[in-house]
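Visitor: Start from the sequences, fold in the hints, and give me the full structure.
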Amino acid sequence: MSTGTALSTLTFSTVGATASRLISENLSGEKPIRIGIIGAENSHTVGYGKLFNIDKKFPGVELKYVWGETEEFAKESMTKGQIPYMVKDPLEMLGKIDALIVDHRHAKYHLKAAEPFVKAGIPTFIDKPFCYTVAEGKEFLEMAREAGTPVSSYSTIAHTDSTFDIVDQIKSLGEFNNIIRNGPADIESPYGGIFFYGVHLVQPLMYMFGEDIKVVKINKYGKKAGAVLIFESGLQANLVFNTLHYGWETYVETKKGIVELKSRVQESVPERCYRDMVEMFRTGKEPLSHESILKPIAVLEAMEKSVSSEKWEEVKM
1 MSTGTALSTL TFSTVGATAS RLISENLSGE KPIRIGIIGA ENSHTVGYGK
51 LFNIDKKFPG VELKYVWGET EEFAKESMTK GQIPYMVKDP LEMLGKIDAL
101 IVDHRHAKYH LKAAEPFVKA GIPTFIDKPF CYTVAEGKEF LEMAREAGTP
151 VSSYSTIAHT DSTFDIVDQI KSLGEFNNII RNGPADIESP YGGIFFYGVH
201 LVQPLMYMFG EDIKVVKINK YGKKAGAVLI FESGLQANLV FNTLHYGWET
251 YVETKKGIVE LKSRVQESVP ERCYRDMVEM FRTGKEPLSH ESILKPIAVL
301 EAMEKSVSSE KWEEVKM
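Here the sequence shown is numbered in the numbering used here, starting from 1 and rising by one per residue.
To be clear, the hints were calculated from the coordinates, so they are not data collected in a lab.
Mixed in with the good hints there might be a few duds.
Label-pair restraints from in silico Cβ distances [to be verified]:
1) Ser309 - Glu249: 27 to 35 Å
2) Lys112 - Thr254: 39 to 47 Å
3) Gly121 - Met86: 20 to 28 Å
A virtual CB, placed ideally from N, CA and C, is assigned to each residue, including glycine.
Guide: Okay, structure coming up:
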């Protein structure tokens, strides 16, 4: 009797879960997506939980599983992000999820964590920055291409309605020369030095002015630092690393003076960076080319070399 009851319970539970999933799919018109996330040290993990599970910005999309660098990190993310399940080993999520987010603080851990899922065909978004070296990034993206698995990664400061509006403004700006962009960055960050926040300085510039950055140089005096980036065209970008202000601004030199590039539009809700991520999970359409994923990594890698050499370093792909 106990065995029969258990089997009956299991059967009805399975049927109920299946029915619930079908009803959800029919109501939304789209297949539900179960997401797993690797990494809980970063505050972004709670943010994803809020986006998908609490605010439900994408009906039918739920962040179901989390693996944390420590159990404490995972449990905090579960509580604050209402993520229902924790796994002790990320591989436990295989067969249970439809999409993956990798969210370590240090980029050097990203690709190894994502690899078994990409090989298994699970669409994967890798939080910024994508990786720690161009060489490992190329190898990973070649593997993803061969597996036929969609992969993407970008700065959520770059991939916004605001940035695309500024791109449109630049087209009618007329002649301009020097660029100044400021934002937080720390060449001594334990999470990858310039990589950790530097991507939010570099990638928006590449969206706005093109990806053809040729050489870079870090200038430092004591703990203060900044950078200069030169484009193939000769255009110069000066990066100011904020230490007191958390925010990003961009200015250009024109014949009429220094102009701040400000967006004229409000960010859509949910934001473009998340819409394009979910669109990739649903359709397999990658929002960026693999080359565009790698180019900011090449710039950051050159900047990191310049921190040590204190010389101009060539951006190499």
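Visitor: Hints first: check each against the structure and report whether it holds.
Guide: Structure-based check of each hint:
1. Ser309 - Glu249: 27 to 35 Å: 29 Å, holds
2. Lys112 - Thr254: 39 to 47 Å: With Cβ atoms ~46 Å apart, the hint holds.
3. Gly121 - Met86: 20 to 28 Å: Holds - the Cβ-Cβ distance for glycine 121 and methionine 86, about 24 Å, lies within 20 to 28 Å.
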